[in-house]
Amino acid sequence: RLEADKDKEQEAPRLRFKEENPDYKPAKAVRAKKEKFEEVEYRPHITSGIDNKTIFEVIKAKFPQVSVFRQPDISPEKLETLGKEYILDIVVSQEDYAPLISFIKEEKSLGLDLLLHLSAIDWEDHIDVIVHFLSTGDNNKLFIRCSLDRKAPAIETISTIYKGAEWHEREVYDLFGVHFSNHPDLRRIFLNDDFPGYPLRKDFDDPQRVVKRPY
7 RLEADKDKEQ
17 EAPRLRFKEE
27 NPDYKPAKAV
37 RAKKEKFEEV
47 EYRPHITSGI
57 DNKTIFEVIK
67 AKFPQVSVFR
77 QPDISPEKLE
87 TLGKEYILDI
97 VVSQEDYAPL
107 ISFIKEEKSL
117 GLDLLLHLSA
127 IDWEDHIDVI
137 VHFLSTGDNN
147 KLFIRCSLDR
157 KAPAIETIST
167 IYKGAEWHER
177 EVYDLFGVHF
187 SNHPDLRRIF
197 LNDDFPGYPL
207 RKDFDDPQRV
217 VKRPY
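The opening residue of the sequence shown carries number 7 in my numbering; numbering runs sequentially from there.
Hints are computed from structural coordinates only; laboratory data are not their basis.
Treat the hints with care, since some could be wrong.
[As the list claims (entries may be wrong)] Under the rule of at most 16 angstroms between Cα atoms (straight-line distance), these lysine to aspartate or glutamate pairs were calculated in the EDC-like manner:
#, residue 1, residue 2
1, LYS84, GLU101
2, LYS147, GLU86
3, LYS157, ASP128
These numbers come from a predicted model, not from an experiment.
Go ahead and model the full structure; you've got the sequences and the hints to work with.
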């Protein structure tokens with residue numbers, strides 16, 4: 007109905023325009039000439055990457071104490087049956103955390119050259135620091151996690167290994183209160199220096215800033 011009303015309103019102006027411009031002809035659309043590009047060789051996208059069994063065996067040979075998150079007794083053969091969608095999630099001690107990540111970067115057979123993300127999880131009784139790696143060449147991924155004492159969570163920085171970890175660690179420090187030893191500039195990245203507590207901790211409670219919801 008609105009379109010019909012609008013069309014009726016334009017009827018008189020259209021007639022007046024035709025009377026005032028009897029020789030007017032609307033411009034014709036000109037199709038752009040189709041550009042021809044050189045043929046590019048097709049390269050199939052890599053979806054599988056290095057299998058989890060191989061990744062685990064390479065790491066386990068260097069760091070025998072590592073285990074798989076929530077599956078401490080799993081074998082490399084069993085890992086192979088979990089499918090390509092499963093991302094290997096390795097648990098490492100604080101002592102082996104930085105050395106293992108340094109090993110991952112230097113071990114060319116793994117190709118884990120990109121640190122995607124570093125974050126943390128508050129489990130109430132401890133805090134996990136989790137680092138997510140990607141191989142830009144083979145497309146395989148890996149999680150490395152390390153459990154910390156919740157009362158005084160602290161761990162060595164890996165910003166000296168992967169420069170990109172510097173801001174990620176500042177975020178975890180800001181929101182979870184994890185201290186990264188030897189970090190070059192460990193200060194809050196989002197919140198003011200006088201902000202009370204760490205808002206992503208489960209024990210965070212500040213009535214002035216937290217809205218209590220009825221669910």
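Okay, the hints, checked on the actual structure:
no.: 1; hint: LYS84 with GLU101; verdict: violated (27 angstroms)
no.: 2; hint: LYS147 with GLU86; verdict: holds (14 angstroms)
no.: 3; hint: LYS157 with ASP128; verdict: holds (11 angstroms)
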